[in-house]
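Novice: Spelled out from the first residue to the last, the chains are:
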Amino acid sequence: GQNIDQPTEMTATEGAIVQINCTYQTSGFNGLFWYQQHAGEAPTFLSYNVLDGLEEKGRFSSFLSRSKGYSYLLLKELQMKDSASYLCAVKDSGAGSYQLTFGKGTKLSVIP
Amino acid sequence: DTEVTQTPKHLVMGMTNKKSLKCEQHMGHRAMYWYKQKAKKPPELMFVYSYEKLSINESVPSRFSPECPNSSLLNLHLHALQPEDSALYLCASSLQGVGNTEAFFGQGTRLTVV
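Chains as they are written, first to last, in this note's numbering: chain A, 1 to 112; chain B, 1 to 114.
Everything labelled a hint here was simulated from the structure, so no lab data went into it. We put the beta carbon where it would ideally sit given N, CA and C, even for glycine. Wrong hints could be hidden among the right ones.
[As the list claims (entries may be wrong)] Among chain A residues calculated to face chain B with C-beta under 8 Å, some are:
1) Ala-12
2) Phe-33
3) Glu-41
4) Ala-42
5) Phe-45
6) Gln-99
7) Thr-101
8) Phe-102
9) Lys-104
[Stated by the list, open to error] Computed spacing ranges between beta-carbons, pair by pair:
10) A:Asn-3 with B:Asn-17: 30 to 38 Å
11) A:Thr-11 with B:Gly-14: 20 to 28 Å
12) A:Tyr-70 with B:Asn-17: 20 to 28 Å
13) B:Thr-112 with A:Asp-5: 26 to 34 Å
[Unchecked claim] Mimicking BS3-like on lysine-lysine, the simulated pairs with C-alpha atoms at most 27 Å apart in a straight line are:
14) A:Lys-81 with B:Lys-19
15) B:Lys-41 with A:Lys-76
16) A:Lys-104 with B:Lys-18
17) B:Lys-40 with A:Lys-107
18) A:Lys-107 with A:Lys-81
19) B:Lys-9 with A:Lys-81
Extracted from the complex, chain A is given alone in its bound form (with noise of 0.2 Å):
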């Protein structure tokens, strides 16, 4: 089975510093991905980890412990435009071809 586990909600103020942690359970593992959804569109792909360690792009960075099933995704200088729903999924195999399995996402907010 799969249990994908994200805080539902925080809250951060402009330009700072968030950490949204997520914590997985499943069959198998094929990477792990964050991706950011705004309210009324399509997912949008942010970040891959698949070894552990830190994987940096830009504002945005994710961690990796495989060993410990955990994953975070850290956001810097903080925007308004930030605020949106970050899902953590996890790719597993199964059937012999691979999935993914999306957390419950969480709704980031940031205020002025």
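Given the coordinates of chain A, assemble chain B onto it according to the supplied hints.
Specialist: Frame of chain A; chain B shown alone:
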């Protein structure tokens, strides 16, 4: 072209209607997905097609019937839906295999069943 195109963008249908949702991509992706998303919830996987064959059906009711006529197209046929089926239906595609096979999502079809 890194787009996944879904049509229609909005659909209102009665419980006795038959309609189809369409999804198209030209990125050479051989994995295509249908997700259902209710308001304030994450996307829930419905179906996965791998090389045009249905590989995963997440116990979806038979009133939803997927079809993959070729490697670029994915359809979702709807029949005798219930009001609780009203949701955003997202199509996605990705490369198959290991590695960074990020899924590209379409903008979705917002379905209302009346």
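Novice: When the structure is checked against the list of hints, which entries are broken? Sort them ascending.
Specialist: 1, 11, 12, 14, 16
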